[in-house]
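S.K.: Chain A is fixed; fit chain B onto it per the hints.
Protein chains: 2
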Amino acid sequence: MQRYFALDKKDDLFILNDDDLYHIKTVMRMKENDQIEVVFDKKLYICKLLHNYQVKLLKKITTDTFTNKQITLVIPLLKEAKMDLILQKSAELGVSEIILVELERSVVKLDQAKANKKLIRWQKILKEASEQSKRIDIPSITPIKKIADLKMDGLKIVCSTNEKENSLKKVLKNNCNYDKITILIGPEGGLTNKEENILVTNGFIKVTLGKLIMRVETVPLFVLSILSYESMVVK
Amino acid sequence: MQRYFALDKKDDLFILNDDDLYHIKTVMRMKENDQIEVVFDKKLYICKLLHNYQVKLLKKITTDTFTNKQITLVIPLLKEAKMDLILQKSAELGVSEIILVELERSVVKLDQAKANKKLIRWQKILKEASEQSKRIDIPSITPIKKIADLKMDGLKIVCSTNEKENSLKKVLKNNCNYDKITILIGPEGGLTNKEENILVTNGFIKVTLGKLIMRVETVPLFVLSILSYESMVVK
Chain A
-19 MQRYFALDKK DDLFILNDDD LYHIKTVMRM KENDQIEVVF DKKLYICKLL HNYQVKLLKK
41 ITTDTFTNKQ ITLVIPLLKE AKMDLILQKS AELGVSEIIL VELERSVVKL DQAKANKKLI
101 RWQKILKEAS EQSKRIDIPS ITPIKKIADL KMDGLKIVCS TNEKENSLKK VLKNNCNYDK
161 ITILIGPEGG LTNKEENILV TNGFIKVTLG KLIMRVETVP LFVLSILSYE SMVVK
Chain B
-19 MQRYFALDKK DDLFILNDDD LYHIKTVMRM KENDQIEVVF DKKLYICKLL HNYQVKLLKK
41 ITTDTFTNKQ ITLVIPLLKE AKMDLILQKS AELGVSEIIL VELERSVVKL DQAKANKKLI
101 RWQKILKEAS EQSKRIDIPS ITPIKKIADL KMDGLKIVCS TNEKENSLKK VLKNNCNYDK
161 ITILIGPEGG LTNKEENILV TNGFIKVTLG KLIMRVETVP LFVLSILSYE SMVVK
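Protein chains in written order, with this note's numbering: chain A, -19 to 215; chain B, -19 to 215.
Pulled out of the complex, with its shape left as it was, chain A reads as follows:
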């Protein structure tokens, strides 16, 4: 069943955004009494369409969460196609929060005039990927922070090309009880020593991802796949 995130709920009616209504009417060609899944406030409902395309609550569904871990991905701003891929795939792979950071060697700088437009585009990608992945939440995205301002709880990891010994695997094995994990990935040219030092001072652990040489947009997908895998419970 098609899933949509609602903007609001008034009694037993949900308010969807215009894109979703267009999708229901014109793309999916749904009719009166057709059913959809609606998520509102991290709860899932089965709803039916009324004749005027109002969305009426039929029943509430109890859901599992995908993972009990809260995963924050911290990345520099990248070119549009790479950003789009990372956002879509990160939502599929269970990320909770994405923070964009300003890094010295970032090739792409945020154009303040276009920042709001970009944020709307990114939130749309995250919402659509979350619907497709049947999530009951949408990852948040915070446009630009300085690394010195990253005050995070839990396990904090920075992927470093300078680190040769301490592997992601070792750090995850030794810290399997954390339910909040933040992972920072640098730009194509890597982090500067100064940036790594600031992060280490703020409690980040440097790790190597092993011998693979990946494009910058592949690294978040690699890391999030592993975090999801490590949170799988083996029966």
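Careful, some of the hints might be misleading.
A pair counts as met if it fits within one copy or between any two copies, since identical chains are not told apart.
[Stated by the list, open to error] Below 30 Å or equal to it, Euclidean Cα-Cα: the simulated DSSO-like pairs (lysine-lysine) are:
no.	residue 1	residue 2
1	Lys23	Lys191
2	Lys40	Lys107
3	Lys191	Lys(-11)
4	Lys131	Lys89
5	Lys126	Lys186
6	Lys144	Lys107
No wet-lab data here; the hints were simulated from the structure.
Keep in mind the model is a prediction, meaning the values are calculated, not measured.
M.R.: Same frame as chain A, now just chain B:
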């Protein structure tokens, strides 16, 4: 240093293909005496350019392999953009071999008239991704096999939406000594029961990938990330 796979070697000169020569001359604007890395027959060499753009061997370099595991990915034919993404990322994530299989619920069928053209395109993507990832081999791609003809050695895994208990993690933990792993991923609509039965009869183990709901092109990236991670040695 830029890396290229050579077509051939004659004494101490390497033969590159026309695309690579174009890249060297026109994209990278390299000149006489500039150095490049050349891979031939799974060996890595440092070479210099002669005045006529001949590629002369300077020295042989000893390389580590990324992983001692031989990983075969078996997937149905998918739409072009999805195939391109999977091939590029699979090469980055260390795949050895890709086999395309004919599956009942595949949406895309291989047009035999275009098969050769497609194969050339796929091989080009794999070669370029292997160069960028500093591999010393290029993953092979086998166009279309029937699943009954998949005669593989080693650990054989099929990702199944019907399997609820036996997780990928459990199977990898219980079979960590295999150095050859084949993993089969079905189409959007999943494998049919008949297909799963043929695979199980041929020694494939059914696994669940957990609770994430991923687009079909994300699944190979997820699985290959995990296989690479599991082959990391923890010091």
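S.K.: For every hint, state whether the structure bears it out.
M.R.: Structure-based check of each hint:
1. Lys23 <-> Lys191: Cα proximity of Lys23 and Lys191: across copies only (17 Å, versus 42 Å in one copy).
2. Lys40 <-> Lys107: within (21 Å within a copy, 51 Å between copies)
3. Lys191 <-> Lys(-11): Between copies, since 28 Å is at most 30 Å while 50 Å is not.
4. Lys131 <-> Lys89: The answer is within: 22 Å in one copy meets 30 Å, while 51 Å across copies does not.
5. Lys126 <-> Lys186: Classified as within; 18 Å inside a copy, 45 Å across copies.
6. Lys144 <-> Lys107: Between. Shortest inter-copy distance 27 Å satisfies the 30 Å Cα cut-off; intra-copy 37 Å does not.
Of the numbered hints given earlier, the model fails none.
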